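Asker: Heads up: the protein sequence lines correspond to chains A and B, in order. Numbered according to this note's numbering, the first sequence spans residues 41 to 292. Numbered according to this note's numbering, the second sequence spans residues 42 to 134.
Hints in this document: simulated from the structure, not taken from any laboratory. One or more of the hints may lead you astray.
Here are the simulated distance ranges between beta carbons [said to hold, decoys possible]:
#1 B:GLY52 - A:PHE104: 23 to 29 Å
#2 A:SER154 - B:THR119: 34 to 40 Å
#3 B:LEU115 - A:SER127: 26 to 32 Å
#4 A:ALA208 - B:VAL55: 33 to 39 Å
#5 B:ILE111 - A:ALA88: 39 to 45 Å
#6 A:ASP98 - B:MET124: 26 to 32 Å
#7 A:GLY229 - B:ILE123: 55 to 61 Å
Sample of chain B residues lacking proximity to chain A, with all beta carbon distances greater than 10 Å (derived) [as the list claims (entries may be wrong)]:
#8 LEU79
#9 ASN101
#10 LYS103
#11 ARG107
#12 PHE133
Below, computed lysine to aspartate or glutamate pairings styled on DMTMM-like, alpha-carbon distance capped at 20 Å [to be verified]:
#13 B:LYS103 - A:GLU124
#14 A:LYS156 - A:GLU167
#15 A:LYS58 - A:GLU68
#16 A:LYS156 - A:GLU68
#17 A:LYS58 - B:GLU105
#18 A:LYS58 - B:ASP106
These numbers were taken from a predicted model, which means no experiment stands behind them. Virtual Cβ for every residue (Gly too), placed ideally from N, Cα, C.
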Amino acid sequence: MSTTALTDTHHHDPMGAKIGMWLFLLTEFLLFGGLFLVYAQYRTQYAADFHYAAMSLDVLIGAFNTLVLLTSSLTMALAIAALERGSRRVSAVLLVVTVGFGVFFLVNKYFEWSAKFHHGLYPGSEELAGRTSGEAVFYGLYFAMTGLHAVHVIVGIAILAAVLGIVARRPRIKVRVDDIRASGVSLTGSDGQALWQRELAEAPEAVELALVYPENAEVRHRQVILMENCGLYWHLVDVIWIFLFPLFYLIS
Amino acid sequence: MDKPKTLVPYGTYVLVWFGLLALTGVTITAANLHLGQLSVLAAILIAAIKGTLVLMIFMNLKYEDRLFRIMMLLAVATLAVIMVLTFTDISFR
Chain A
41 MSTTALTDTH HHDPMGAKIG MWLFLLTEFL LFGGLFLVYA QYRTQYAADF
91 HYAAMSLDVL IGAFNTLVLL TSSLTMALAI AALERGSRRV SAVLLVVTVG
141 FGVFFLVNKY FEWSAKFHHG LYPGSEELAG RTSGEAVFYG LYFAMTGLHA
191 VHVIVGIAIL AAVLGIVARR PRIKVRVDDI RASGVSLTGS DGQALWQREL
241 AEAPEAVELA LVYPENAEVR HRQVILMENC GLYWHLVDVI WIFLFPLFYL
291 IS
Chain B
42 MDKPKTLVPY GTYVLVWFGL LALTGVTITA ANLHLGQLSV LAAILIAAIK
92 GTLVLMIFMN LKYEDRLFRI MMLLAVATLA VIMVLTFTDI SFR
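Full structure from sequences and hints, please.
Answerer: Written as structure tokens, this is what we have:
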């Protein structure tokens with residue numbers, strides 16, 4: 041019987057993955073940075089109007105959403121810490137909680153925006169056309185910046201939900217073997233001990249094997265890296281909100 | 042292969058979270074004091090401290106390779122240069 045040694049040939053580069061993620065995050069920072077630049081310019085130009093317009097923003101809802109996002113960042117960090125320690129179930133639960141906070145944030149945002157629309161405050165509305173240009177600019181920036189932020193929250197939720205699907209299951213690896221000419225398949229441990237063996241009715245052209253890993257530190261490490269990178273995106277959303285909140289809600 | 046990571050204790054994250062909540066309280070209180078020009082500065086300063094806390098601890102920058110901190114600093118510096126240049130332009134028009 042001929043034997044074929046199988047090794048996990050997937051390419052793993054944690055450092056490269058992290059650098060790639062950070063480069064992407066930096067472009068996100070600069071994207072919002074550009075909007076903050078526009079905000080800073082108009083705020084100096086229309087200081088009084090910004091001051092007046094911000095009075096109709098609900099500080100309580102803004103503060104509450106700050107609380108929600110900060111706490112979601114905590115549960116995200118804890119979810120990663122739990123996976124690093126091998127507590128897969130705790131990690132999955134914390135991820136679900138994080139997603140829950142994200143959805144809760146969006147629900148609050150929905151009610152907040154609905155109230156604004158109800159008062160005729162939305163980009164291009166007649167109500168805003170009748171107000172000073174400073175107020176119109178304030179609301180334009182408010183909807184553009186918190187809107188873009190909300191889009192990021194939605195994307196973040198989708199990413200975390202996908203990660204949850206991966207982390208909740210035990211790691212597995214699929215291997216395709218093309219050159220089987222033997223009448224049987226056997227699995228031998230690295231110490232040479234026979235683990236599993238099976239006779240085949242006829243020699244197949246190719247065999248696909250799905251191997252479920254035991255809780256192995258190295259395999260878990262890969263999932264931690266994946267989750268860390270997704271977590272970074274979630275924290276980015278938090279960092280941006282940390283700046284949005286005082287600059288829009290607290291200037292009245 | 043990358044260096045083995047130091048495990049950050051759960052407590053550190055919880056502590057940072059408490060800090061962030063406290064700073065949120067501080068920034069709301071500061072806004073209600075009506076400090077005039079100073080209130081903008083206070084708001085941005087507190088937001089910067091909160092942002093740094095999230096970046097350093099939650100986003101693990103403190104425990105990562107120095108390269109990541111340099112990258113972040115470069116982005117912040119770029120933004121600062123753009124801000125300064127823009128405002129120099131505006132104020133001398």
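Asker: All hints are to be evaluated individually against the structure, with a verdict given for each.
Answerer: Taking the hints in turn, this is what the structure says about them:
1. B:GLY52 - A:PHE104: 23 to 29 Å: holds (26 Å)
2. A:SER154 - B:THR119: 34 to 40 Å: The hinted range 34 to 40 Å holds for SER154 of chain A and THR119 of chain B, with Cβ atoms some 38 Å apart.
3. B:LEU115 - A:SER127: 26 to 32 Å: violated (36 Å)
4. A:ALA208 - B:VAL55: 33 to 39 Å: Once the Cβ atoms are compared, 24 Å apart, the range 33 to 39 Å for VAL55 of chain B and ALA208 of chain A is violated.
5. B:ILE111 - A:ALA88: 39 to 45 Å: holds (41 Å)
6. A:ASP98 - B:MET124: 26 to 32 Å: holds (29 Å)
7. A:GLY229 - B:ILE123: 55 to 61 Å: holds (58 Å)
8. LEU79: holds (13 Å)
9. ASN101: violated (7 Å)
10. LYS103: Holds, because the least Cβ-Cβ distance between LYS103 of chain B and chain A comes to about 12 Å, which exceeds 10 Å.
11. ARG107: holds (13 Å)
12. PHE133: Fine: 14 Å to the nearest Cβ keeps PHE133 of chain B off the interface.
13. B:LYS103 - A:GLU124: Judged against 20 Å, a Cα distance of about 17 Å means the pair holds.
14. A:LYS156 - A:GLU167: Holds, because 11 Å separates the two Cα atoms, which is no more than 20 Å.
15. A:LYS58 - A:GLU68: holds (15 Å)
16. A:LYS156 - A:GLU68: violated (27 Å)
17. A:LYS58 - B:GLU105: Holds. LYS58 of chain A to GLU105 of chain B sits at ~10 Å (cutoff 20 Å).
18. A:LYS58 - B:ASP106: holds (10 Å)
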